[in-house]
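Student: So the sequence lines, in the order shown, correspond to chains A and B.
The first sequence: position 43 = 43 (this note's numbering), numbered continuously.
The second sequence: position 59 = 217 (this note's numbering), numbered continuously.
Keep in mind that the hints were calculated from the coordinates and are not lab data.
Where hints are given, some of them may not hold.
Which bits of chain B does chain A cover? Going by a derived footprint, with three or more residues having C-beta under 8 Å, they are [claimed, not checked]:
{"no.": "1", "region": "173-184"}
{"no.": "2", "region": "416-424"}
In silico lysine-lysine, DSSO-like type, Cα no more than 30 Å apart, as pairs [stated by the list, open to error]:
{"no.": "3", "chain 1": "A", "residue 1": "Lys49", "chain 2": "B", "residue 2": "Lys345"}
{"no.": "4", "chain 1": "A", "residue 1": "Lys68", "chain 2": "A", "residue 2": "Lys132"}
{"no.": "5", "chain 1": "A", "residue 1": "Lys50", "chain 2": "B", "residue 2": "Lys345"}
{"no.": "6", "chain 1": "B", "residue 1": "Lys421", "chain 2": "A", "residue 2": "Lys50"}
{"no.": "7", "chain 1": "A", "residue 1": "Lys50", "chain 2": "B", "residue 2": "Lys582"}
{"no.": "8", "chain 1": "B", "residue 1": "Lys577", "chain 2": "A", "residue 2": "Lys54"}
{"no.": "9", "chain 1": "A", "residue 1": "Lys54", "chain 2": "B", "residue 2": "Lys277"}
{"no.": "10", "chain 1": "B", "residue 1": "Lys582", "chain 2": "A", "residue 2": "Lys54"}
{"no.": "11", "chain 1": "B", "residue 1": "Lys280", "chain 2": "A", "residue 2": "Lys50"}
{"no.": "12", "chain 1": "A", "residue 1": "Lys46", "chain 2": "B", "residue 2": "Lys280"}
{"no.": "13", "chain 1": "B", "residue 1": "Lys345", "chain 2": "A", "residue 2": "Lys54"}
{"no.": "14", "chain 1": "B", "residue 1": "Lys345", "chain 2": "A", "residue 2": "Lys132"}
{"no.": "15", "chain 1": "B", "residue 1": "Lys277", "chain 2": "A", "residue 2": "Lys132"}
{"no.": "16", "chain 1": "B", "residue 1": "Lys280", "chain 2": "B", "residue 2": "Lys218"}
From the three backbone atoms N, C-alpha and C, an ideal C-beta is built for every residue, glycine too.
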Amino acid sequence: MQETLSEVWEMLTSLRISDLILSAAAVLILDLFAIAIIFAAGRESKLCKKRWQKVSANLALRRREEQKEYYYPLEADEILLGRHSSADIQLKDPSVSRYHAVMTVTGGVWSITDLNARSGTFVNEQRVRQRKLAVGDCIRLGTAKLYLVKRPVEEQEE
Amino acid sequence: MYKNKLSYSGTVILLFLTHLTMLGLVFIRGSVVAPLDFLKLAGAVIGLDIIYLLITLAYKQMTYTLDFMLLGILNISLIFQSCFGGIHLSVKHLISCVMCLAACEAGFLLTRNHEWIRKNKKYIYILILLLFISIIFFTDNQKKWITIGSFSIQPSEFIKPCFILVCAASIVELHEKLKIGFFYLSKDSLILCIVALFIFALQWWCHDLGSLPTFGMIFLCALFCRFCYPKAKISKRIVAIACIAGILILIAAWNFAPEYVQKRLHVDIWADRYGDGYQQCEALIGIAKGGWLGVGAGNGSLYKIFAHDSDIVFATICEEWGLLYASLSVLLILIMLMTVLMNPPKNYYHAMMTAGVTAAFLMQMSLNIFGSCNLIPFTGVTLPFLSTGGSSMMACGFLVGMLKAGQSPLFQHEVMKRKKQKQKQKAAKAAQKSRRVNT
């Protein structure tokens, strides 16, 4: 430890003060630049979130299970619904296929496409292959019911 | 840009200050012999800053941090490269930097609309095929370079972005599966596997095994994303088998690699100091000589060593600028990759692209830095942005453009709106013309 300290001291004393100050300033400014970038990226991600909320019409899927309500925000332009653990919205219901249906968005309008699921995909109790969705629509996959709703305020603030 | 005015103006000021303090360091601590050369360097750095920032203003993007980062790193790299072996403006590297920025914009504009690039993926396959043909038939004696006059191009560098795009395409189009033997494969997955095999075989043939880990990492990343991707019905068991197979291939490659690779894998650099371990020994001595704050720009001695500005560039920077500044420069590249995580892409195509680009950069940086520090065998790959080389810089620029595309994607309805607006404008112009003719 003492050797290292003495080595550092030797290095510092071998440098001219002006060199040392300038080197320290360069390192400090580079650090500040990196911090500023992280700060700006944070601000940008908030803006991008807002833009995405516009693109996705700020919707979410609501599911009621055993007196509890679950909200699944629609966070990508392609959302897969199914029983499999890799599905975007996982529904642990035996009547739901592993990869049941896929939801896509274009210009704030969401639509659902059935992926040849055995138990079928229903929108407002009508079996569908592909259909555009509106706020308040009830989507039934097997026996699992989901409602397309406006995203709750608490989630929007997050 | 206007929405983030305050934080952007602060970042731009700090960007300029970073370059100005570096130039100050060059002037005070460096070996400035001809003040005119120094002024040329300063002019080039500040000029590039101003021009690129003005160009960026013209593009409507959601995010600008990647532009600032790229500009910051490229000008830092220009200052580093211009100080090796005496202070002068490295015109060759300046051109490379400009080409890198242009490639970045090209990459951004080409991959911004994921629907469009998905539809036109056949052109990517054609491009990759052309690159293969150019490497096999037009490079000189397996040296990977195409020489046209005083310019040399390394086509294998351009395969990286194309390979990432092929990976991304294969991830998205997984619905239509074909049964081949006992396996269900989608058409794009099959193409990906063939392309990957071709690339690995080509690298082996070219004796360019340094780039193999980078391509391998991109392929592994695609495999991992496939596992995460909802429509990919690949089980954990298959991924586990693939991992075990990968480890076995690595062990086999380690033991049965060609003689020239075995030499590098098992070389004792200090025992063979003036033979195979020469570059690494000199690099380590250079890093030790530079200490924390370096010997001053242009005062180093590593510039006499072969590939001081490409393969062992990290050591050369450490010697002249110190370990602290060299590490911070690398950290800046890492932060550039990190900022992407703060705003994850909203579609699978861009997500795969981002993951592939990040994996490629991380692998290449690790290979270069740890290789020159003798922590892993020396591979001879370039350090992204900091090493010299036009092909490498252009490929890196294109990759950053792809990252930018993931940050500022163009959604389909926006494309439709633009098309409608253009049609309206055309119709209005036509109506005006017809009115003029009538009058």
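Student: Checking each numbered hint in turn, tell me which of them this model violates, lowest number first.
Tutor: Violated: hints 2, 3, 5, 6, 11, 12 and 13.
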